[in-house]
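Chemist: Now for the letters of each chain:
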Amino acid sequence: MYYGLKIGPSKKGGIFMKLRRLTSLLLVGALVIGTLASCGSQQTESTDTGSDTPVATDIDYANFTIDPSNIPQEKLDTTLYVATSVRGLENPYIVTITEGMDEFCKYLDSIGQKYEKQVLDSGGSNDVEIDNMKQFAAKANGNAIAYADPNEAAIAPSLAEAMASSGGYIGTAWNKPDDAMPQDYDPNWAIHTSADNVTNGKAMAKALFDNMGGKGKVFVIEGMLGNTASIDRVKGFEQALKEYPDIEVAHQDTGNWATDEALTLVETWLNDTPDVGGIWCANDNMATGALQALDKKDLKGKVGVTGIDANTDIVEAVKDGTVVATVSSNGYLQSGYTLAICYAAWAGLIDPAQLPDEYRVFLTPAVIVSADNVDAYIAEYVEAVPEMDFSKIFECKAN
Amino acid sequence: MEKEKLAAWSITEEFTAKIKADNQKEHLTKWAPVFVLVALFLVFTAILGGSFASGSNIVSILNQWAIPLLVALGLTFVIMLGSIDLSINGTVGMAGSLAAVFVLNSRNGNDMGIWGLLLAVLCSVLIGFIIGTIHVKLKIPSFMVSFAFMNICAGIGLLSYGGKPPTIKDEFIASIAKSSFLEIPIITWVALLVFVICLYIQEYTPFGRHIYAVGTDETIPKAVGINVNMVKIKVFTLAGFCFGVAGVLGAIRLGQGQVSIGDGLMFPANAAVVIGGTALTGGKGGVVNTVVGTLIMTVLFNGLTMMGVNPYIKTGVQGLIILIAVALTVKHGSTVISK
Numbered sequence: 000m001y002y003g004l005k006i007g008p009s010k011k012g013g014i015f016m017k018l019r020r021l022t023s024l025l026l027v028g029a030l031v032i033g034t035l036a037s038c039g040s041q042q043t044e045s046t047d048t049g050s051d052t053p054v055a056t057d058i059d060y061a062n063f064t065i066d067p068s069n070i071p072q073e074k075l076d077t078t079l080y081v082a083t084s085v086r087g088l089e090n091p092y093i094v095t096i097t098e099g100m101d102e103f104c105k106y107l108d109s110i111g112q113k114y115e116k117q118v119l120d121s122g123g124s125n126d127v128e129i130d131n132m133k134q135f136a137a138k139a140n141g142n143a144i145a146y147a148d149p150n151e152a153a154i155a156p157s158l159a160e161a162m163a164s165s166g167g168y169i170g171t172a173w174n175k176p177d178d179a180m181p182q183d184y185d186p187n188w189a190i191h192t193s194a195d196n197v198t199n200g201k202a203m204a205k206a207l208f209d210n211m212g213g214k215g216k217v218f219v220i221e222g223m224l225g226n227t228a229s230i231d232r233v234k235g236f237e238q239a240l241k242e243y244p245d246i247e248v249a250h251q252d253t254g255n256w257a258t259d260e261a262l263t264l265v266e267t268w269l270n271d272t273p274d275v276g277g278i279w280c281a282n283d284n285m286a287t288g289a290l291q292a293l294d295k296k297d298l299k300g301k302v303g304v305t306g307i308d309a310n311t312d313i314v315e316a317v318k319d320g321t322v323v324a325t326v327s328s329n330g331y332l333q334s335g336y337t338l339a340i341c342y343a344a345w346a347g348l349i350d351p352a353q354l355p356d357e358y359r360v361f362l363t364p365a366v367i368v369s370a371d372n373v374d375a376y377i378a379e380y381v382e383a384v385p386e387m388d389f390s391k392i393f394e395c396k397a398n
Numbered sequence: 000m001e002k003e004k005l006a007a008w009s010i011t012e013e014f015t016a017k018i019k020a021d022n023q024k025e026h027l028t029k030w031a032p033v034f035v036l037v038a039l040f041l042v043f044t045a046i047l048g049g050s051f052a053s054g055s056n057i058v059s060i061l062n063q064w065a066i067p068l069l070v071a072l073g074l075t076f077v078i079m080l081g082s083i084d085l086s087i088n089g090t091v092g093m094a095g096s097l098a099a100v101f102v103l104n105s106r107n108g109n110d111m112g113i114w115g116l117l118l119a120v121l122c123s124v125l126i127g128f129i130i131g132t133i134h135v136k137l138k139i140p141s142f143m144v145s146f147a148f149m150n151i152c153a154g155i156g157l158l159s160y161g162g163k164p165p166t167i168k169d170e171f172i173a174s175i176a177k178s179s180f181l182e183i184p185i186i187t188w189v190a191l192l193v194f195v196i197c198l199y200i201q202e203y204t205p206f207g208r209h210i211y212a213v214g215t216d217e218t219i220p221k222a223v224g225i226n227v228n229m230v231k232i233k234v235f236t237l238a239g240f241c242f243g244v245a246g247v248l249g250a251i252r253l254g255q256g257q258v259s260i261g262d263g264l265m266f267p268a269n270a271a272v273v274i275g276g277t278a279l280t281g282g283k284g285g286v287v288n289t290v291v292g293t294l295i296m297t298v299l300f301n302g303l304t305m306m307g308v309n310p311y312i313k314t315g316v317q318g319l320i321i322l323i324a325v326a327l328t329v330k331h332g333s334t335v336i337s338k
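Protein chains in written order, with numbering that gives the first Met the number 0: chain H, 0 to 398; chain V, 0 to 338.
So here's chain H without its partners, still in its complex pose (with noise of 0.2 Å):
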């Protein structure tokens, strides 16, 4: 509703008139700080340029290991901006690439570097996900590294090249345009890596399709459209789908990666396919609705379902024999590594422009978890962080 203004302060407006005040000199005063701040940080910048130890050219990159003794003290002593940047912190899996980061952060402590670290949460929103990236990279004026999952294929190189313009080094996971390549932005954008979707994809459905017997109706929960991850996956659903012929696809649709969005779909499809064998998922927040609506049908249980991403409840899932299997992608090698592999790049350890072709876009190794190695998957995951050795910056890279 609009409301006219009031002329002439009343008592009670009086009060409120003050309070606006106080608010706008309040933020007025942020802004002040906050540009003296980062001029204040300019400077101590600008004495810096120019250290950069010289590369070596012929390296081991399979076995390479930051050597803190040849970092200059110069770099350990500037603060170097570190940052995850990722779709919302609601989704478990995402809860552990920021893990990721604490665990590479503990490490940035253990050699003396100084550093600031700090989520970028774009909601699920491409624009404010570049826009986060642009302020980031433009507040730390070079002396930046980030990992970053983009919302959308589409916005890698954008990512990348707010990075660039500042000179930080960059790291992407899971989506990129097939025709951009991190050498597009040399050496800024230093690597993309992403866990295999495809083959992952795959083992779920083998797994899922072994539990029906290799027969039998299945549904398919796909991701947000349009999203590399989900596409892939599914691909990897497709190809194992050609190697079972008895297995029949009675639905599939979108679940958006969201728990509700999948339980909303299996409720719906069990009415027509009350005989259905399996649900393949792709990814665990979906398996976990699905689980919640086979229960509503008593056939929790009776029905296998897989997902991906190995959320703490599938894994429990997993224990009691309601989920066939997930799989882990194991966010914390995914984020705590892209994160040393930058670093090396910004310390002047390595030069990402150097470096061949198949250590800029690779693999990561995914761990699957079923009935059959599900305690010791426990013991080293859930209830703990694994431990990682991030002076061994290539060792994330999946054979």
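Treat the hints as calculated values from the structure; they're not laboratory data.
Incorrect hints may appear among the rest.
[Claimed, not checked] The calculated lysine-lysine pairs, modelled on DSSO-like cross-linking and capped at a C-alpha distance of 30 Å, are:
1) H/Lys299 <-> V/Lys24
2) H/Lys296 <-> V/Lys313
3) V/Lys168 <-> H/Lys105
4) H/Lys214 <-> V/Lys163
5) V/Lys313 <-> H/Lys396
6) H/Lys234 <-> V/Lys313
7) V/Lys163 <-> H/Lys133
8) H/Lys396 <-> H/Lys116
9) H/Lys318 <-> V/Lys168
10) V/Lys313 <-> H/Lys216
11) H/Lys205 <-> V/Lys17
12) H/Lys299 <-> V/Lys233
13) V/Lys163 <-> H/Lys301
14) V/Lys177 <-> H/Lys296
15) V/Lys168 <-> H/Lys301
16) H/Lys205 <-> V/Lys163
17) H/Lys116 <-> V/Lys163
18) V/Lys168 <-> H/Lys296
19) H/Lys301 <-> V/Lys283
20) H/Lys318 <-> V/Lys177
[To be verified] Here are some chain H residues pointing at chain V (derived, C-beta under 8 Å):
21) Val94
22) Leu264
23) Asp294
24) Asp312
Don't be surprised by glycine CBs; every beta carbon is placed ideally from N, CA and C.
Here the structure of chain H is known, so what remains is to put chain V in place on it, guided by the hints.
Modeler: Chain V in isolation, oriented as in the chain H frame:
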């Protein structure tokens, strides 16, 4: 003879005829949403056969209807005021997350049982009250205040469980999702109970009449001494209550507390309220319209899902059908008499 008759029409007669025609039109638009609903149901039954009209799918529809209904009920009063509440995604998500961490769950040691659910609703009521108060006292447009609170509430929800969603372990509360009474899910009964409360408020309390009055032209109730600000604060508080119940039921339905319970609820709720025939300008419509509007949306989503429409075109098809429904049900253009 004919001419004479026309000439004989006095202004009063013309006026009466106009009112009559207008009333007829009004009558038609009033029932249009119901026709749309029946038509949708018949079309889906014709395409999908028995499985769409089966008892178990009706139960599914009722299950899927409960939360959108609650959200839209709260929003209806706000829209009747001529205001808007954008906090839905956040408040619903927050109430659901809080409910899950208050009861016995996988993340912490709390075990408040039913009291935990009530406390979560209370938090949401409080948020509604704060939104209304800030809107009225600081004279900030409602969409801005509520937009800010969408983010604040989503933040509170996320903080409450630290990113790893709590699974509800309280067996009684978890079993509510599966329970039904007279074949209708308990969740839907709760939503219907809230509907009855809202209907009572709208039809039989002075507060209900004041909402219409404020929505139509707030200078009139002001002139007769109604505390317009208080009416507005009460409406936002009531909306907070509806969103809170929606969030708690959402968490029970999922068996888990997640901020994302609230995602994507706001615009369908707005569409449902408008399709039902409540005018965005305020002063018209009501909760009965909203019942029909939300049913249309739920039946539409359910039918399209069952049809297995290619997901790449489904969203577009949904949009198109919503547009058609709005075009059929919302009164376009204004005549001399109706405002």
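Chemist: Run every hint past the structure and note whether it holds.
Modeler: Results for each hint:
Only pairs whose Cα atoms come within 30 Å are accepted, and H/Lys299 paired with V/Lys24 is rejected, the gap being roughly 52 Å. Straight-line distance between C-alpha atoms of H/Lys296 and V/Lys313 comes to about 27 Å, which keeps the hinted pair within the 30 Å bound. Taking the CA atoms of V/Lys168 and H/Lys105, the gap is about 35 Å. The hint is violated against a cut of 30 Å. The straight-line distance between the Cα atoms of H/Lys214 and V/Lys163 is roughly 35 Å, outside the 30 Å bound, and the hint therefore fails.
With a C-alpha separation of about 39 Å, the suggested pair V/Lys313 and H/Lys396 falls outside the 30 Å cut-off, and the hint is violated. Proximity of H/Lys234 to V/Lys313 is assessed by CA-CA distance (about 20 Å); at most 30 Å being required, the pair is judged to hold. At most 30 Å may separate the alpha-carbon atoms for a hinted pair to count; V/Lys163 and H/Lys133 meet this at roughly 29 Å. With a CA separation close to 24 Å, the supplied pair H/Lys396 and H/Lys116 stays within the 30 Å bound.
For the given pair, H/Lys318 sits about 17 Å from V/Lys168 by alpha-carbon distance, which is consistent with the 30 Å threshold. At most 30 Å may separate the alpha-carbon atoms for a hinted pair to count; V/Lys313 and H/Lys216 meet this at roughly 23 Å. For the proposed pair H/Lys205 and V/Lys17, the alpha carbon gap of about 70 Å is over 30 Å, so the pair is violated. Between H/Lys299 and V/Lys233 the CA atoms are separated by roughly 44 Å; this puts the pair beyond 30 Å, and the hint is violated.
Distance restraint check for V/Lys163 and H/Lys301: the Cα-Cα separation of roughly 27 Å lies within the 30 Å cut-off, and the hinted pair is therefore satisfied. In summary, the hint linking V/Lys177 to H/Lys296 is supported, as the alpha carbons are separated by about 8 Å, within the 30 Å threshold. Under the criterion of a C-alpha separation no larger than 30 Å, the hint pairing V/Lys168 with H/Lys301 is consistent with the structure, at around 21 Å. For the proposed pair H/Lys205 and V/Lys163, the alpha carbon gap of about 28 Å is at most 30 Å, so the pair holds.
For the hint linking H/Lys116 to V/Lys163, the alpha-carbon distance of about 21 Å falls within 30 Å, and the restraint holds. Between V/Lys168 and H/Lys296 the CA atoms are separated by roughly 19 Å; this keeps the pair inside 30 Å, and the hint holds. Proximity of H/Lys301 to V/Lys283 is assessed by CA-CA distance (about 50 Å); at most 30 Å being required, the pair is judged violated. As the CA atoms of H/Lys318 and V/Lys177 are separated by approximately 23 Å, the hinted pair is consistent with the 30 Å bound.
Because the beta carbon of H/Val94 sits about 4 Å from the nearest beta carbon in chain V, less than 8 Å, this interface hint is met. The restraint placing H/Leu264 at the interface with chain V holds, with a minimum CB-CB distance near 6 Å, inside the 8 Å limit. Here the hint on H/Asp294 is kept, as its CB sits about 7 Å from the closest CB of chain V, short of 8 Å. Because the closest C-beta pair between H/Asp312 and chain V is about 5 Å apart, less than 8 Å, the hint holds.
Checked against the numbered hints listed earlier, the structure breaks hints 1, 3, 4, 5, 11, 12, 19; every other hint is satisfied.
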